[in-house]
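Number of protein chains: 2
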Amino acid sequence: MAKVAIMGYGTVGSGVYDIIRMNSKRIADNAGEAIELKYILDIRDFDDHPEKFLFTKDVNDIICDSEVSVVAEVMGGLHPAYEFTKSLLEAGKSVVTSNKELVATYGAELIAIAKEKNVNYMFEASVGGGIPVLRPISRCLAANNIIRIAGILNGTTNYILDQMITNNKSFDAALADAQAKGYAERNPAADIEGHDACRKIAILASLASGKQVDYTKISTRGITDITLDDVKCAEKSGHTIKLIGYAEFFTNGKVYAHVEPMVIGADHMLSGINGVMNGVYVTGDAVGDVMFYGAGAGKMPTASAVVADMVDSVIHKLTRKIMGWKKADENFAANSDEVKFRYFVRTDCAEAEVKSVFGNTTGLSGLDQSDTVFITPAMSETEFNAAKDKLGAVKTALKVLG
Amino acid sequence: MAKVAIMGYGTVGSGVYDIIRMNSKRIADNAGEAIELKYILDIRDFDDHPEKFLFTKDVNDIICDSEVSVVAEVMGGLHPAYEFTKSLLEAGKSVVTSNKELVATYGAELIAIAKEKNVNYMFEASVGGGIPVLRPISRCLAANNIIRIAGILNGTTNYILDQMITNNKSFDAALADAQAKGYAERNPAADIEGHDACRKIAILASLASGKQVDYTKISTRGITDITLDDVKCAEKSGHTIKLIGYAEFFTNGKVYAHVEPMVIGADHMLSGINGVMNGVYVTGDAVGDVMFYGAGAGKMPTASAVVADMVDSVIHKLTRKIMGWKKADENFAANSDEVKFRYFVRTDCAEAEVKSVFGNTTGLSGLDQSDTVFITPAMSETEFNAAKDKLGAVKTALKVLG
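Residue numbers (the numbering used here), protein chains in the order written: chain A, 830 to 1231; chain B, 830 to 1231.
Hints are not guaranteed to be accurate.
The list treats identical chains as one, so a pair stands whether inside a single copy or across any two.
In silico EDC-like links for lysine to aspartate or glutamate, alpha-carbon gap of 20 angstroms or less [claimed, not checked]: (1) 1065 x 1096; (2) 832 x 1077; (3) 1010 x 1212; (4) 1128 x 1058; (5) 1040 x 862.
Source of the hints: derived by calculation from the structure; they are not laboratory data.
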């Protein structure tokens, strides 16, 4: 019998509770022993809850209870989640979390404390909601050097872009629709400006490189300046625009990362990911391309990943799982000129002018519009910006994935 | 330092060797210690091999060497792989394998021996090649009751169907093309008759249910009677035909499984899986739908999964991973009338006749042909067959996925 606690009874926390109650047999079978929920921490009152006796407002009830071996931190936010997690790990309890902000910010430190205390700090739910992705990358691709990760990591922005594509909505109309459906917050900045995806690609890049990638250094551009014309023009030429968290890993140990709307060919598996779904496309030097797809958010999918981590922590009470990364003092961030991309460009300029500036471009035909639309050869950002300035009057300029 | 051996130096075995040599640092980092290859077992001579001193023809060299802790069985076939694996497990060594036939046939027995001896028997590479799928289902979805698994599990047949769709090739021409490219064997029966996919869905269904699903009892139909007309007709109506390994898990513990060409809507993620790629689509009661995608075969992808299992076995030298299933004496196979599917039907009969027999069908329009094409309501196989016989003159009848 393993005794566990939940910190935070919001959307994900109540999902964790529901799954523990709903699937107790399956969970016990997989964990090798039954799981008993002993505490739920929340500052609010839940007097009408059928198990109201589980609730506490004092984290010390959990920290000081030597019976509790695994705690799910599903509070969100940096503080006090950071302080609570640290105290719990130091008290010798494993902690599992869906808190991407905390993992992206304090991951290396919390992983080091867990290692020192011989307990686990697991965070599968922090990227891709319920989609198995961190553990597969860490464990199943353990024989690979990871070359590249490209992910649709934010369901809200994917829904908005999808609405623009399929229902001809403007960005503002699609955002309003997403808010009405509960997919976007009333203050949608974290999603539409790319900050959420930025935390997630930082976690993926840290895991794949073994070194904490500082998310504040990742060039991040959201979807707020994507117009219906951009989306339609991409679609007509057999492409789609997706907000992509991208990371590339060099053999010299450097890591390049960005979050940007990118143009993807219709035959790429990421282009078929619609609505609020997420997908993480990983390229390893042995396995080639693999992709993990599913619901990147939501109560039950996210809670599914949290409870799986709880199960894994129960199984691995005695042997820590080796999964995580270290702080890195040296600067290993590649700058944007160390990678080359092709660019998707839409302009008023005539094709002859385009060719004189960009050289061997690929023209995109079949577009019933006056703009010249083309894809450049692979070039660095500095090279591209210089050419773009020379051409002038560029309406759209997006990196191409693949 | 963990000492390991490879049994079988064919395509996958030489890939395992290559990855161990190529990615030794990454492997040691992930395993927590270096891996030293001590033996390669093969009955053939490899006198020109740069490390020919590693080769042995006598399995007892490995069985009797107490230093060897992990062995990769990549020989294929049932015998002597079964006897060798059993002896190795009984000698207290962990065994990892890509041998789907062995796992599907003797899985429960070998898993039980491994458990008794406190070692691991791992087989991630037996399904989906390099795609992480068994471990994610077992571990990352540990909090879920699995409801359904539908997979494109065979790259050869997927390539053939893809060639029929995109290049208008007949089945025979597409098969010849696959053979010319090395995707299909000269004797292609195991692939095109569905036997390969059958072993794989049996392994997936066994893992998800915890009980060995007897692959000889799985209704299996290959793609040999799929015509270019079928494929084109499906395509024109916004569908695609894929060979699907399918399993459904009932709350009463019963399991239904089949391997059949099925019709899939264009918006389903499995429909976008082209060429030799594989995908496994899993539905859990908490996580909803997730999909795992990648190369389902090939030297390096398959070897990637084998070496990952070797790494995991090294990490878990002291604590077994709980992953597998048991023999089941009771009959838990659901019969085909316990599940209902919609059917995609192509016939000469007029629409009025179709409606009188099948009731509330969904007509498919936009087809420039004389046939009547429709999708039936969900019905059991017996119900469908009775209606089909009544209608007569049915050219195509395929279950619809989703």
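inquiry  = Going through the numbered hints above, which ones does this structure break? Give me the numbers in ascending order.
reply    = 2, 3, 4
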